[in-house]
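Enquirer: Residues per chain are reported as follows:
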Amino acid sequence: MQIGFYFDQTRCTGCYTCVVACKDWHDVPPGPASWRRVQTIERGKYPKPFVTFLVTSCYHCANPACISACPVNAISKRTQDGIVVVDKETCLGKDKCQLCLVSCPYDAPQFGAEPNAKMQKCDLCLERWAEGKKPICVAGCPTRALDAGPINEIKAKYGEVKEAVGFAYNETLMPSLIFKPKLEVLPGK
Amino acid sequence: MATAKSHPSMSEVKIVPTGGCYDCGGRCLHKVHVRDGVAIRIDTDNAEEPQLRSCARGRAYRQQLYSPDRLRFPQKRVGSRGEGRFERISWDEALDTVASQLLLIKGTYGTKAILEVTLSGGVGALHTGPMTIGRLLSGFGGCTPFWGDASAEGAIFAARTIYGTLTNGNTRDDLVNSRLILLWGVNPATSIFSTNTRYYLFKAKEAGVKIVVIDPRYTDTAATFADQWIPIKAGTDTAVMASMAYVIITENLHDQGFLNKYTLGFEKFRDYVMGIEDGVAKTPTWAEAKSGVPSDIIVWLARQYATDKPAALIPGFAPGRTAYGEQYHRMTAVLAAITGNVGIHGGGAACFERPVVGPMVPPGFSKFFEGGNYEERLKQLDVPRRLRKRPHACRLWDFILEGTAGGYPIDLKMAYIAFANPLNQFPNINKGVEALKKLEFIVVHEQFMTATAKFADILLPVTNLWERNDISRPWTGGSYFLYLNKVVEPPPEVRSDRDICRELASRLGIQDPFWDMPEEDAVRWVAETTEDMMPEIVDYERFKRDGVHKIKRPGPVIAFEEQIEDPDNNPFPTLSGKIEIYSQLVADLNNPEIPPIPKHLDPWEGAEDPLSGKYPLQLLTHHHKTRAHSCFDNNPLLNDLEPQSLWISTRDAQSRGIRNGDKVRVFNDRGETIIQAKVTERIMPGVVSLGEGAWYRPDEKGRDRAGSPNVLTRDHYSPGGAWPYNTSLVQVGKYV
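Those protein sequence lines, which keep their order, are chains A and B.
Heads up: the first sequence is residues 2 to 190, going by this note's numbering.
Heads up: the second sequence is residues 6 to 741, going by this note's numbering.
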C-alpha cells in the first residue's frame, strides 16, 4: 500500500497555512528547514499576469532516489504504507553528506540551521494516521486544496493527473502525488 | 476537555480548545495540545464542514506565546521618552505610579486631559479596551477617547445615510447563489475578513459563478478566484462606479420598478450621472481618464452587473480608506439599488458588510449607533460636531501638539494605551513621535516592545490570548461563538489587563462589582447576559468544553429580505423608510465635500493634485499575508515566509533603475522608509504598495528601516470620517 497526496492547484491561495501548521505540529523551529513549502509562480505581463502556487514536500516516491543515494542506509520506505522515513541517528548530517538532497529533484530533504544538522522531512504525519487522522497540512488547509490517502483511493476520487504548473512528474522515481492543475490560460473577459 | 490516549506519546496530552482571534475578522478554532503545562502543538476544527480552520498567523501562535521577546515584568522609563531604555520595577511600584499619575492629572487638569487609546489588539468580550481601560476610566470620572473606525469609518457613514443601519451584509454562504461576484478592493485570500469567505468563494467558483476582481494589485484573491482582473488607480473607484451607473441608465438596464418602490432620490442621482446637474456626463471615457480602466471594460462590467443577476458586489473597506472614502461606500450601495440586487439571494446591499446574524460588536463595546430621530441621526454624521469633544484619530497628533492654542477643545496631558500600537498604526508616524514626546505621562499595556511601548513611562506586561479565558465572535459570515479557554499559565510576573484594572480600581477607590468577579465568572456572566447568546448558550459547560457553539440556521440570511418582500410592513430603517440615494440628513450638513447623493470627488494627493509632479506614485497600504495589522510582525516563523517589500510595477522599477530585491527609498514630505523592492507584473503602473503593520524602526537619521507605511500617510480625515490610508503620493528611488 502506498499513501500519497492530492493537491488542487486551482484552490491554493498561497497562504502558507500548510507550511506553518506542519512546522508547528512537528516542532520544526523557524529557519531553513521546512517540510512543506509554497512556491509562488508568476508569469505573463501586466495587465494579464498569471500567478499560481505550488505546494511542495516529500512525495514518498515509489522508487525514492534518496534511499539509494544515502551511503549509510538512514532512509527507508515503510512496507505497510510506503511512507519514506529517515533515521536521524544514522544520518551523517549536512556538513558531511547531503547526498539525499542532491539526488532528490523535489528538494524534499531538509536541514536545520544547527551545525551538522541531520536530515528531516515530511513523514506524512504517520502518527496521525494511527489515530485515523489525515496529515496536519490536509486537516488545516483553509481552501481544502490538499488531501492524502492510499494512492489508489486518491486516484479513484480525483483522477490521475500527475503534473501541474511548476511540477514535472519523474517517471523513474514515481512520486505519490495527484493534481488538479491550474490551467495556464490568461484570464479573459 | 478530551484526553487523547490512543498513542503512547500522547498519553499525557490534554487538548484545550481556544481560538485564533485577531483583528482580521476571522475567528478560528484551535485545539491546542498541552503537555506538562506547555503548549506543544496546534490542531484545528475537525467537526463537519464548514470547519473553522485558522490561517498561517493563527498556526504560528506558539511563537508569540513563547517568544523570547515577551515583556515579562513591569518597567519604568529611565532614558528620554521614546529612547526605549527601561528599568525593571515591582508591580506595586508600577500600579502606585499609574494610580498617582491618574489622580494628579485629574486634580490638576480634570479627567478630560486623559486620552484613552484602545484599539483592536484584544477581540474578546472581556479583554478589550471598553471592558478594561474604558470601564476603569469611566468609573474614575471619564477621559477623552478618540473617534473614527480605522477600518471602515467610510462604510459606517455610508450605511447610516443610505440604509439607516450597519446591518446590511448577507451571510457568506449566500455567495453560491450569485451568478456574478464583484470583489471590489477586497482580498479575502489574505485579509480573511471572515474565516470561511475563501471556503464559500471556491464553492461559488466551482459552481460556475463568475468572479471579477477590481483592485490595483493582482492579489492572491485575484490569482485564485478571478475570471477577470480589472486594475484601477486608487481613489478612482467611485468614478468608475458612477460611469457604470451612466451605462446602466443610458442602456435602460436599471430596475425602475425597484427604484420606484424602495428608493428615494434616484432622479437627483441620475441628473448627476448624466451631467444635467454639473454639465459633466459621467461617461466611461470620463472615468477611464481618471481610473486607467479602459472604457470598454467599464461598459462590459456595467452590463454584466446589471444583467447577470443576482449579482453580489462585495465592497472591500480598502477603497473606502481614502480621501472621500465614504462616497465609495455610498456609491456601491446605489449600484446595488439601481440594479435591484438588494435584499435578494445571490445579491447584496453592498455597503458595510456587517452580517444580519448576531452583532459584530462584542459585548462591552459601544454599539454602533443605529436608528434614532432626525437630531440623533444627524449628530452621528456631523463630523465637526463630533470633533467638539474628542479628536478624530487621524488628527490625534495635531490635537496633542496644538491643544486649545490650536483651536482644539482640550489640552491632553496623559495617554492610557492598551490593546493598541497607535504610533505604528495611525497616520504620520513622525508627527506622532513629537506628539507622544509632549505628553506628561504615558502608560502602556503590551506583550512586546512595540514602537508605542517604547514611549511609555510605565510599561505593563500583559497576558495574551491563550493565557486567559474569554469569548469571541466573528465579524461576519459567522453564526458561532468561540469560548477561548485559557491554555497555559502566563509567565509569573505577567498579568491580564483585567487584573491590572482591578488593582487600579482598588487604588483609585472605584467601587465596581464588575472588577470583583473572578475571570471565569465574568466570562459566564457575558454568556448569560448577552442578548443573542442567551438563547443559544443553554449549556455553558458544553460551550466551554467544545470551545465553540455553532448557531444552526436553515440557510443563508439576507439583509433587507423583509423590506423587499413586504415593504409596507417593513420599511427600511431610514427616516423616509426608503433606501436613501438622496439623503436629506447629508444635505443638511451643508458641506460641498459631502454631497447628498454619492459623487466622485477628486482626492487630495491624487493625479490632479499638483503634488503629483514631485511625488508621482500612489501608495497603497495593503494587509500583509503574515500579519494581522501590527500583530505577528515579530514572529520569526512567519517572517521566514514573505519579507516586507514594496510592490512596484516593472515599468516604474525600470524607469528608476530598480531591480527585484534592490533596496529602495520610499519618501514624501512626511517621511521616508527604506525597504526592498518586489518588482512585479502584479501591480498597476503608477501605484506602489507596502503592507501595513510593519514595526516602525528608525535609523540614526530618522528614516524608517522596516517598510512601515505610516511614515508616509497623511494625518487627515475624510469629511465623512474615513481614514485616508490609501491616499498618499510618494516617490521611489534606488537606495545607494
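If you are wondering where the hints come from, they were derived from the structure by calculation, not from laboratory data.
Built from N, CA and C at the ideal position, the CB exists for glycine as well.
One thing to keep in mind: the hints can contain errors.
Claimed, not checked - The calculated lysine to aspartate or glutamate pairs, modelled on EDC-like cross-linking and capped at a C-alpha distance of 16 Å, are:
id : chain 1 : residue 1 : chain 2 : residue 2
1  : A       : 46        : B       : 686
2  : A       : 49        : B       : 211
3  : A       : 181       : B       : 211
4  : A       : 134       : B       : 53
5  : A       : 135       : B       : 53
6  : B       : 683       : A       : 43
7  : A       : 46        : B       : 551
8  : A       : 49        : B       : 567
9  : A       : 163       : A       : 148
Claimed, not checked - To give an idea of the chain B side of the interface with chain A (calculated C-beta under 10 Å), a few residues:
id : residue
10 : 256
11 : 258
12 : 710
Enquirer: Indicate, hint by hint, whether the structure satisfies it.
Expert: Taking the hints in turn, this is what the structure says about them:
1. 46/A - 686/B: 6 Å, holds
2. 49/A - 211/B: Answer violated: residue 49/A to residue 211/B is near 22 Å, above 16 Å.
3. 181/A - 211/B: 13 Å, holds
4. 134/A - 53/B: 14 Å, holds
5. 135/A - 53/B: 15 Å, holds
6. 683/B - 43/A: Measuring from Cα to Cα gives roughly 12 Å; hence the hint holds.
7. 46/A - 551/B: 49 Å, violated
8. 49/A - 567/B: Since the Cα atoms of residue 49/A and residue 567/B sit roughly 42 Å apart, the hinted pair is violated (cutoff 16 Å).
9. 163/A - 148/A: 15 Å, holds
10. 256: Nearest chain A Cβ about 18 Å off; hint violated.
11. 258: It is violated, given that the least Cβ distance between residue 258/B and chain A is near 18 Å, above 10 Å.
12. 710: Hint violated; residue 710/B Cβ to chain A Cβ min 21 Å, cut 10 Å.
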